Every structure is written in structure tokens, then in C-alpha cells.
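Using the sequences provided together with the hints, build the complete structure.
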Amino acid sequence: MAASTAPSVDLSAALVLAPPTAAEWLVVLPVAWCLTLGALLVMMRRNIGLHPAITIVGLTGLVGIDALLLLEIMRNGPMTMVMGRWLPPFGIAFTADLTGALFALVAALVALAAGIFSIADINDSGRRYGFYPLLMVLMAGVSGAFLTGDIFNLYVWFEVLLISSFGLLVLGSEHEQIDGTVKYGFLNLVATTLFLVATGYLYAIFGTLNMADIARKAEGLRSSAPLMTLAGLYTLAFGMKAAAFPVNFWLPASYHTPRVVVSALFAGLLTKVGIYALIRVMVMLFPVEREEMSLLLAVAGSLTMIVGVLGALAQSDFRRLLGFLVIAGIGSILAGIAVGGPGGIGGAIFYALHSMLVMTALYFASGIAMRLGASASIVTLAGLYRRHVGFAALSLMLCFAVSGLPPFSGFWPKVMLVKAALDIGAWWLAAVLLLAGFLTTIATGRLFLLAYWRDGAAAVGETAPLPASTLGPLAALTLLTLVLGLYPEPLLATIQEAAAGLADPSAYGESVFPEGWPQ
Amino acid sequence: MEAWFALLVGVFFTVAVYLMLSKFIIRVLLGVAVLGNAVNLLIFTGGRLTREVPPVIAGDAEVLAGPAANALPQALILTAIVISFSFFAFLLVLSWRAYDDLETDNTDEMRVAEPMNEPAPPLGY
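Quick note, the sequences are listed as chains A and B, same order. Just so we're on the same page, the numbering used here is the position in the first sequence counted from 1, plus 543. Just so we're on the same page, the numbering used here is the position in the second sequence counted from 1, plus 859.
Hint data in this document are derived by calculation from the structure and do not stem from the laboratory. Since the model is a prediction, treat every value here as computed from it, not as a measurement. Idealized CB from N, CA, C, for every residue including glycine. Just to be clear, a hint being listed does not mean it is correct.
Where chain B lies over chain A, by a calculated footprint (3+ residues, C-beta under 8 Å) [what the hints assert, rightly or not]:
id : stretch
1  : 726-739
2  : 744-756
3  : 797-803
Have a look at this one:
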């Protein structure tokens, strides 16, 4: 278009004319970086020997980018970059605040650990089928979901991570995996379609898809628009994504079927993206509706916890037991969202970040146990302690962490959640939280007793050496939970600030609309 | 015209939910396809329904002269169509493969990942 033919239109009203600063690029860089590397790996599909090295370097870069982004946000507040220079609410905005950046950083750490673990876990056929490109595209979807500031864009990133998760889940094409993928695929597709339904209504009501714009307009429309219906639809859609009771049964059906590293990635990332979206929508966009739905959320959270721990107690398969523990963790986070306030929301965010690290590490441990004991069933697994003392010690620490015992990272969010529940007088919710922690201790304690402590046929073998690429990521994640448990102050302070930013999104809005809200 | 569209969307959702409650994968798959179209129509209706008025701005004007079709829902639907079509294709291949490998398309009989009579965990040792 020649500029001389349209002189009368003032572009500054609709376009950002100043070039973005270097810091602003950090907001989109995680997504762009992952997509570029994913494309590069696809182009190198005949050269699969190089895939792991490129992926690990790429994921290290992603951790660095996310850490820089978090530092920048801690210093200067939320950051926004708009696509194609179109100003919101017309253009799609990527907006990163503390919550999004924290989740993105922990997700990148988990992915890096999984990338290293995959060296020993993914064989040549897995590489040929594209494990590494799918992993990078999955990370692009996850990072995009955490950093976008536009609700339809959130839907698109959900789909990106969903299609790559399908690919990762069927990797290997065993009967069990196909069965698991059928259930995972159909139920997750229904959940994302519900999300799209809610987004269609949202657009019909608000006429905008930008989250900052919606947060501002919700107040004025509260008396006339069916916002409760919208909030209910979003809760159902994201609850299904996060495997909350009663829409959780796809998770134990599918999470134990793929390769160990894929299970670990999914346990760390996918349900947490659903939880993040729920926090973002319910706390930031519809705070009044969240307040009204708090009893429903609390009951759903309690039942999720109870179903999770009882399911874990009833399982004899190591990985299926862990699948139920993922569900129990989701219940605790839902309880935090239901309670609300800085304690509840802060506790929910902390619990989610802790759960990402610990569940991934526990799935790694299950993979190593299966390698050492040649079985996944705790009926036949025995004597792992004899075979590898260091591994058994790391596993015991993770069992403590997932049960919420000190001095590990699970302790603090549990304290925050119980205290927040007691502060608003929901003593029964606090009781359920403590009961779930107690039953988790029994489930993991029995796991440790049977699979590690008990003497058995498997114990006769010699001490088996483990490759450093499997033990390393496990040890690193366990160390991280220990450090976060012993010295939680910096993270706690950041999380309190993140929760405050969600409760009062004025800084978020100012970063999207620096000129003031449009009329 | 919105009322008729709303009714049509309702019919689509009913058909989709009915099909998805079946235990045979192929019917669930058809339900998913209908569901995708139901949502697309819903977004379309949620925008603005106007017949035969293209949103074209005249050469000497800066804004639209009158009410016209809203272009944004159509862009959203276009995205949703592409995504739902690719998912449908994936699930179709997956269902065929499941039928081929597991030799059933009845979800009640698909219990490879979750066997019916699994042993309970030992109570002691």
C-alpha cells in the first residue's frame, strides 16, 4: 500500500508506531524460540542423532529466556507486546505478568529435565517418529498459553499443545497407548470445544477478547449479562482440562500408557495449564462470580482430593498410582481457588508450581524403578533400596514432598491453604486438605515399603548402575523441592505479589493500554 | 433471524450430545464433527447477522456507512474450522487404528489400559 494515497487516516490511534524495545521481545520469544527449534528439528528428521543435543540446548535457552522475562517483570511490572503493531483490543496482545512468567519458568525447567531424561528413555524409533519436534511444539503451546493476553489466543495455544500431546501419547503405537489416547483425545477435545463455546458467548457479550479489556468491562455488565453462565462454562471446560472431579477419568486411563518421559511431562505441564487458565479467568476476569461459586469449587476440590487419594490407595501399578496423586494435587489447588484471597490464590499458585516439579520427578522415579526392577507393579517390585541406595533416598524425599511433609516444597502451600481455609471459617475444607495429605502419606509410604524396602527376588541382583541422564534430572528436581522447602521466602514473596496482581489487574491493564482504557 | 439460528445451534448441540453418548467410537466421532459445527454457528450468531451488506468502506469515508456483517467472528470461525478439521482427521485415523489393533470399536470393551480385574495392592509383606 502506498502511504500517499491515504493521508487522512491517523494511524497512531490504531497502531503502535514506536518500535518494540529489546525487553518487550522477551514476551514472545519463548513461543517463537520453541516453534523455530521445532521446525528445525522437523527439517533434520533424517539426522536423528543430533535431535537430543539440539533439544537440550534449546530448552536451556528457553529456561534462560523465561528467567530473564521473570526478572524483567519483577523489576518493571507486567509487559505487553502486540502482534502486527495493532493496538488492543483489535490486535492480539501477549501480556506477561508475574503469574504467567512464574508458570512459564517452572514449565521450562520441567521440560529441560524431561529433555535430559529422554536421552535414555526414547529409543531410535521414538526419535524417528518425532519425539523431539513434538516436545518443542508442546513447549511452544504451553509457553503461549501462559503468556498470552487474549482469550481466543489462549484457545489456539491450548489446541497447539493438545495436538502435540496426542502425538507424544501414541508414540510407540502399542495397544495400551492407542487405548489410552482414544480416551484422552476425545475427552480433551470435548473440553476444548466447551472452552470455545464459552469464548463465543464471551465475545457476544463483551465484543472483545482481550483479557485486560474484559476485566474492565465485566463490572459494568454484571447486572445485565449472564456472566455466571460464562464463569460456569469456563469452570467446566478448564476443570475438565485440569482433571477435576467429576470430569477426571481420562487422566488415570491414559497417563500410565506412554513412555515414562512423556508421562512425566504431561503430569508436570498439561493439567497445570488448565489450572493456570482457571486461575486467570476466575480470579482476574470474574472475581465476583468466583466468590459466588466458591462453595461449588470447594466441594469439587474436596471430592477431587478424596477421589485422588482413594484411587492412589487402590492401585498396584506404580504409574497409575501417580496418576491419582496428580488428581489429588489438582483438588488442593481447586480448594485454594475456592477460598480466594491472597492466602488461597497464593497457596494455589505455590501448590501448582510445587506439583509441576514433584509429579515430574516422581514419574522419572517410576521409570527408573521399572528399569531396575523390570516391572511396574508394586506387587512384584521389591528390593529397590538394595539395588540403588541413592535412588531410593531420592524417591523417599519425593514421597515426603508429595505428601506435604516438611522440609520439602509441599509443606508451605499446604500450610497456606489450610490457614486460608480456617481464616474464612471453612474448617471442613481444612480438614479435607489435612486428611488428603495424611492418606497420601499412607499411599506413598506403602509404595516405598513394598517396592523399595521389602526384600524380594529382585533384590538378589547386584547394584545396578544407572545412567547419569536418568538420575541427574531426578536429583536436580528433588534438590529444587528441598531448596524451596528450606528457603521458601523469595518464592513466597513473588507469589504473594503475583496473587495481588491477579486480584487487582490495574497494572496488567496499564501495560496493555498505556494510553488509558479505550472508551 | 438470530432466533432461528439459535434454534439451529440448539438442534446441532442436541444431535452432537446424543451421538457422543454412544459407546461406539465411530458415532462419538460423528458427534464431535457435529459439535464443531454447532460451535462455529454459535460464534457466528454471537457476532452479528446481517444479510448482503459487505463491510467495505467507501473511498472518501473513514468509517462504515451503516451496519454490516462483523468480520471478527468469521476470522474466529475460520481458525476454529481449521483446528477442528485437523483434530477430526487425527481422531479418525486414531479410531481406525484402534479398531484395527484392538479389534473393537465398543468403548466398553476397550480395557487394555485399564484391565477389569487387576490385583489389589498387597496388604503386607
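Evaluated hints:
1. 726-739: holds (count 7)
2. 744-756: holds (count 3)
3. 797-803: holds (count 3)
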